[in-house]
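Now for the letters of each chain:
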Amino acid sequence: MDLLRFATAGSVDDGKSTLIGRLLLDSKSIFEDQLEAVESTSKSRGYDYTDLALLTDGLRSEREQGITIDVAYRYFATPARKFIIADTPGHVQYTRNMVTGASTADLGLVLVDARQGLTEQSRRHAVILSLLRVPHLVLAVNKMDLVDYDESIYNKIHEEFTAFATKLSIPDLEIIPISALKGDNVVNRSEHMDWYKGPSLMHHLEHVHVASDRDLVDARFPVQYVIRPKSDAHHDYRGYGGMVAGGVLKPGDDVLVLPSGMTSKIAGIDLHEKEITEAYPPMSVTVRLEDDVDVSRGDMICRPANAPKPSQDIDAMICWMTTEPLKPRQKLAIKHTTRVGRALVKDIQYRLDVNTLHRDQETKEIGVNEIARVQLRTTVPLLCDPYSKNRTTGSFILIDEATGVTVGAGMINSGN
Amino acid sequence: MTATHADYRLSQLDELEAESIHIFREVAAEFEKPVLMFSGGKDSIVMMRLAEKAFYPAKIPFPVLQVDTGYDFPEVLETRDHWVDRLGVRLIVASVEEAIKDGTVVDDGKTSRNRLQIGTLLHALEEGGFTAAFGGGRRDEEKARAKERVYSHRDEFGQWDPKMQRPELWSLYNGRLHEGEHMRIFPISNWTELDVWDYIGRENIEIPNIYFSHQRRVFQRDGMLLSESEHNPTKQGETVEEKTVRFRTVGDLTLTGCVESTASTIPEIIEEIAIARVTERGATRGDDRFSEAAMEDRKKEGYF
Numbered sequence: 001m002d003l004l005r006f007a008t009a010g011s012v013d014d015g016k017s018t019l020i021g022r023l024l025l026d027s028k029s030i031f032e033d034q035l036e037a038v039e040s041t042s043k044s045r046g047y048d049y050t051d052l053a054l055l056t057d058g059l060r061s062e063r064e065q066g067i068t069i070d071v072a073y074r075y076f077a078t079p080a081r082k083f084i085i086a087d088t089p090g091h092v093q094y095t096r097n098m099v100t101g102a103s104t105a106d107l108g109l110v111l112v113d114a115r116q117g118l119t120e121q122s123r124r125h126a127v128i129l130s131l132l133r134v135p136h137l138v139l140a141v142n143k144m145d146l147v148d149y150d151e152s153i154y155n156k157i158h159e160e161f162t163a164f165a166t167k168l169s170i171p172d173l174e175i176i177p178i179s180a181l182k183g184d185n186v187v188n189r190s191e192h193m194d195w196y197k198g199p200s201l202m203h204h205l206e207h208v209h210v211a212s213d214r215d216l217v218d219a220r221f222p223v224q225y226v227i228r229p230k231s232d233a234h235h236d237y238r239g240y241g242g243m244v245a246g247g248v249l250k251p252g253d254d255v256l257v258l259p260s261g262m263t264s265k266i267a268g269i270d271l272h273e274k275e276i277t278e279a280y281p282p283m284s285v286t287v288r289l290e291d292d293v294d295v296s297r298g299d300m301i302c303r304p305a306n307a308p309k310p311s312q313d314i315d316a317m318i319c320w321m322t323t324e325p326l327k328p329r330q331k332l333a334i335k336h337t338t339r340v341g342r343a344l345v346k347d348i349q350y351r352l353d354v355n356t357l358h359r360d361q362e363t364k365e366i367g368v369n370e371i372a373r374v375q376l377r378t379t380v381p382l383l384c385d386p387y388s389k390n391r392t393t394g395s396f397i398l399i400d401e402a403t404g405v406t407v408g409a410g411m412i413n414s415g416n
Numbered sequence: 001m002t003a004t005h006a007d008y009r010l011s012q013l014d015e016l017e018a019e020s021i022h023i024f025r026e027v028a029a030e031f032e033k034p035v036l037m038f039s040g041g042k043d044s045i046v047m048m049r050l051a052e053k054a055f056y057p058a059k060i061p062f063p064v065l066q067v068d069t070g071y072d073f074p075e076v077l078e079t080r081d082h083w084v085d086r087l088g089v090r091l092i093v094a095s096v097e098e099a100i101k102d103g104t105v106v107d108d109g110k111t112s113r114n115r116l117q118i119g120t121l122l123h124a125l126e127e128g129g130f131t132a133a134f135g136g137g138r139r140d141e142e143k144a145r146a147k148e149r150v151y152s153h154r155d156e157f158g159q160w161d162p163k164m165q166r167p168e169l170w171s172l173y174n175g176r177l178h179e180g181e182h183m184r185i186f187p188i189s190n191w192t193e194l195d196v197w198d199y200i201g202r203e204n205i206e207i208p209n210i211y212f213s214h215q216r217r218v219f220q221r222d223g224m225l226l227s228e229s230e231h232n233p234t235k236q237g238e239t240v241e242e243k244t245v246r247f248r249t250v251g252d253l254t255l256t257g258c259v260e261s262t263a264s265t266i267p268e269i270i271e272e273i274a275i276a277r278v279t280e281r282g283a284t285r286g287d288d289r290f291s292e293a294a295m296e297d298r299k300k301e302g303y304f
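Protein sequences, first through last, are from chains H and V.
Position 329 of the first sequence, counted from 1, bears residue number 329 in the working numbering, the numbering being contiguous throughout.
Position 222 of the second sequence, counted from 1, bears residue number 222 in the working numbering, the numbering being contiguous throughout.
Everything labelled a hint here was simulated from the structure, so no lab data went into it.
Watch out, some of these pointers could steer you wrong.
[Unchecked claim] Here are the simulated lysine-lysine pairs, DSS-like style, with alpha carbons at most 30 Å apart: (1) 163/V x 331/H; (2) 156/H x 167/H; (3) 309/H x 265/H; (4) 327/H x 59/V; (5) 156/H x 250/H; (6) 331/H x 309/H; (7) 43/H x 101/V; (8) 274/H x 163/V; (9) 230/H x 53/V; (10) 28/H x 243/V; (11) 265/H x 243/V; (12) 33/V x 59/V; (13) 230/H x 33/V; (14) 230/H x 309/H; (15) 250/H x 59/V; (16) 250/H x 230/H; (17) 265/H x 53/V; (18) 389/H x 327/H; (19) 364/H x 346/H; (20) 28/H x 43/H; (21) 230/H x 265/H; (22) 156/H x 28/H; (23) 274/H x 327/H; (24) 327/H x 309/H; (25) 33/V x 101/V; (26) 274/H x 101/V; (27) 197/H x 28/H; (28) 250/H x 28/H; (29) 230/H x 243/V; (30) 274/H x 230/H; (31) 274/H x 33/V; (32) 156/H x 197/H; (33) 331/H x 274/H; (34) 331/H x 53/V; (35) 163/V x 33/V; (36) 230/H x 197/H; (37) 101/V x 364/H; (38) 250/H x 33/V; (39) 389/H x 364/H.
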């Protein structure tokens, strides 16, 4: 059984909590004590229905305000797959939270209300998912029960969204008419929409093919930790621990170590106590080399004919996550794979309007939840790939050195 | 673990394991003084196994810390010692009893030992100068935990501020700290109770025998079955009887209930949990029943 991580989007009124509640309920992932707690809270608040959002709003202040403040992660499993939902709030701070949830997602699920059709919000969510290179997107056209399960309404939204999606990078798109409240096409196919021939949402989540989403061609192994036991039993053992970020590594492979440029061969790959014949993403393994070359944390093991270019001048899209605006000449700490350094904002090329995709070149200050294209100069060379090629070697975070807070999420276009 | 998959997909358990090991290595590389909080319960045992794998064949490069409530199950302490001996790690015991004696925490006779652990733990972390403390918390356990980051920042008072959490992107964790602050690290955040049991079964690792069904003298209190013990005198109307039970969680025995069960092997436990209709905490943890936000409130004070 494998794992699918997906991020949900859509404004609160689109029925996101109801849908998540239903997926959890129907997969028997909600327990009686949790349901009882939600029922009694709903009752004590005078609701005449069980507010499933109370299941997902875990913090006191969220329940007080009746809104979701922060990303929460939920878990459910069916006999076919295990799922991790990054439940991102639709309200305030949407971009920052969506970027957080989407950064690890295999699939993005955007809800629209069939009565409203596509809104600015739905487009914005699709743009962010596309920017974050979430390989699969599902547009769930919800509340079909409120439009009499009308095929023409679905068709209109389908047409409009498909046209919009051509402007974005969405390799796989599925548009499913559902009613989260009534359960139509959520787990079981709806009896009310025999005109719809596609899968139910759950069927799609269980079967969407994600095996080929990771880069299995370009070998990338950021060295995380040097393992040197120095014990009698393993006196000469020297292994490099890390998570494979791309490609398939095999014993006997010729390798190049960056940034030193030294070459060697893979002597062996250890998965804990066992030696294995190949390693691929996202395995955490230990690589041993034939030669005693100098390799430390922050280095990258790759293939001699296929290496990322070390660069200190980075062109990237960033999502700014803090209220203090980003300005040119600002200095920040940067973390990229296992390397840390400092970065100088050399130029802010444009601010991207995620509603219209307009590139605003006038603004030179980037506010919270805004996305911009920037040029950075870094103190250490980053061993990077374009984010479109590899989500691990193409991403970085920016940290405010005074507060220690993560203030930016970056996606590399290119390094020079 | 099967090393090779025809389609280069990891099983969910292998993917979770890889993610956890990545977190262990990241913390060991970036923090000056990590420590692993080890209770001897199933989650912290899985953590020990993951830490063992992350640094193999080297030893785990940090000590483990147990907060001894004084009301712990002897079987659990025994398992704790086996693990510590086998892996050759240094064990630090922070005792609630001693913290009460030297005045670090105050036992007013009403506060549970579980709650007194908070002050004891914070004191031990401060005394040891630890900058990162690994915990076995899982997001599926409880709704406040579902909001918690893998790297959970704590201020100088050990407090968690849910509104000020750092966004966590990709697998790029931010471990920056100021003087006096520390980070709680949750490498098995994304695991569920069932994953933990599947892993224990797969790795065939030693856990305390109280997780398996056994005969025990118990009594009913607040809808829970509690163990007869000198630390937990029965009140009027409570009668002790012998039942076939097992535990789903382990903790302070005055608050940790057991469930009637005949599951005596891991597959039987997995089968039982797969159809359970009550969460492990809802079934057996008295400490989460005080209020709707009991866990959140304790965490804000510095609970792990």
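Outcome of the hint check:
1. At most 30 Å may separate the alpha-carbon atoms for a hinted pair to count; residue 163/V and residue 331/H meet this at roughly 26 Å.
2. Taking the CA atoms of residue 156/H and residue 167/H, the gap is about 18 Å. The hint holds against a cut of 30 Å.
3. For the proposed pair residue 309/H and residue 265/H, the alpha carbon gap of about 20 Å is at most 30 Å, so the pair holds.
4. As the CA atoms of residue 327/H and residue 59/V are separated by approximately 46 Å, the hinted pair breaks the 30 Å bound.
5. This hinted pair does not check out: residue 156/H and residue 250/H have alpha carbons roughly 50 Å apart, beyond 30 Å.
6. Restraint check: the Cα-Cα separation between residue 331/H and residue 309/H comes to about 23 Å, which is no more than 30 Å; the hinted pair holds.
7. Of the pairs offered as hints, the one joining residue 43/H and residue 101/V is violated, with about 46 Å between alpha carbons and a cut-off of 30 Å exceeded.
8. The hinted pair formed by residue 274/H and residue 163/V fails the criterion: a straight-line CA distance of about 43 Å is larger than 30 Å.
9. Only pairs whose Cα atoms come within 30 Å are accepted, and residue 230/H paired with residue 53/V is accepted, the gap being roughly 17 Å.
10. With a C-alpha separation of about 29 Å, the suggested pair residue 28/H and residue 243/V falls inside the 30 Å cut-off, and the hint holds.
11. Simply put, residue 265/H and residue 243/V have alpha-carbon atoms about 61 Å apart, too far for the 30 Å limit, and the pair is violated.
12. Restraint check for residue 33/V and residue 59/V: satisfied, since their Cα atoms lie roughly 15 Å apart, inside the 30 Å limit.
13. Pair hint residue 230/H plus residue 33/V holds up; C-alpha atoms about 20 Å apart against a cutoff of 30 Å.
14. In summary, the hint linking residue 230/H to residue 309/H is not supported, as the alpha carbons are separated by about 34 Å, beyond the 30 Å threshold.
15. A C-alpha spacing of about 26 Å is found between residue 250/H and residue 59/V, which places the hinted pair at or below 30 Å, so the restraint holds.
16. Distance restraint check for residue 250/H and residue 230/H: the Cα-Cα separation of roughly 25 Å lies within the 30 Å cut-off, and the hinted pair is therefore satisfied.
17. Restraint check for residue 265/H and residue 53/V: satisfied, since their Cα atoms lie roughly 24 Å apart, inside the 30 Å limit.
18. Proximity of residue 389/H to residue 327/H is assessed by CA-CA distance (about 28 Å); at most 30 Å being required, the pair is judged to hold.
19. For the suggested pair residue 364/H and residue 346/H, the alpha carbons sit about 11 Å apart, so the restraint of at most 30 Å is met.
20. Among the hinted pairs, residue 28/H with residue 43/H is consistent with the structure: their alpha-carbon atoms are about 23 Å apart, no more than 30 Å.
21. For the given pair, residue 230/H sits about 22 Å from residue 265/H by alpha-carbon distance, which is consistent with the 30 Å threshold.
22. Taking the CA atoms of residue 156/H and residue 28/H, the gap is about 34 Å. The hint is violated against a cut of 30 Å.
23. The hinted pair formed by residue 274/H and residue 327/H fails the criterion: a straight-line CA distance of about 50 Å is larger than 30 Å.
24. For the proposed pair residue 327/H and residue 309/H, the alpha carbon gap of about 27 Å is at most 30 Å, so the pair holds.
25. Restraint check: the Cα-Cα separation between residue 33/V and residue 101/V comes to about 28 Å, which is no more than 30 Å; the hinted pair holds.
26. With a C-alpha separation of about 48 Å, the suggested pairing of residue 274/H with residue 101/V is violated against the 30 Å cut-off.
27. Of the pairs offered as hints, the one joining residue 197/H and residue 28/H holds, with about 27 Å between alpha carbons and a cut-off of 30 Å not exceeded.
28. For the proposed pair residue 250/H and residue 28/H, the alpha carbon gap of about 41 Å is over 30 Å, so the pair is violated.
29. Note on residue 230/H and residue 243/V: the hinted pairing is violated, with a Cα-Cα distance of about 51 Å set against a maximum of 30 Å.
30. In summary, the hint linking residue 274/H to residue 230/H is supported, as the alpha carbons are separated by about 19 Å, within the 30 Å threshold.
31. A C-alpha spacing of about 29 Å is found between residue 274/H and residue 33/V, which places the hinted pair at or below 30 Å, so the restraint holds.
32. For the given pair, residue 156/H sits about 16 Å from residue 197/H by alpha-carbon distance, which is consistent with the 30 Å threshold.
33. Pair hint residue 331/H plus residue 274/H does not hold up; C-alpha atoms about 44 Å apart against a cutoff of 30 Å.
34. Distance hint between residue 331/H and residue 53/V is unfulfilled; the C-alpha atoms sit about 38 Å from each other, more than 30 Å.
35. Only pairs whose Cα atoms come within 30 Å are accepted, and residue 163/V paired with residue 33/V is accepted, the gap being roughly 26 Å.
36. Only pairs whose Cα atoms come within 30 Å are accepted, and residue 230/H paired with residue 197/H is rejected, the gap being roughly 63 Å.
37. Pair hint residue 101/V plus residue 364/H does not hold up; C-alpha atoms about 60 Å apart against a cutoff of 30 Å.
38. Our distance criterion of 30 Å between C-alpha atoms is broken by residue 250/H and residue 33/V, whose separation comes to about 34 Å.
39. With a CA separation close to 29 Å, the supplied pair residue 389/H and residue 364/H stays within the 30 Å bound.
In the structure shown, a violation is registered for the earlier hints numbered 4, 5, 7, 8, 11, 14, 22, 23, 26, 28, 29, 33, 34, 36, 37 and 38, in ascending order.
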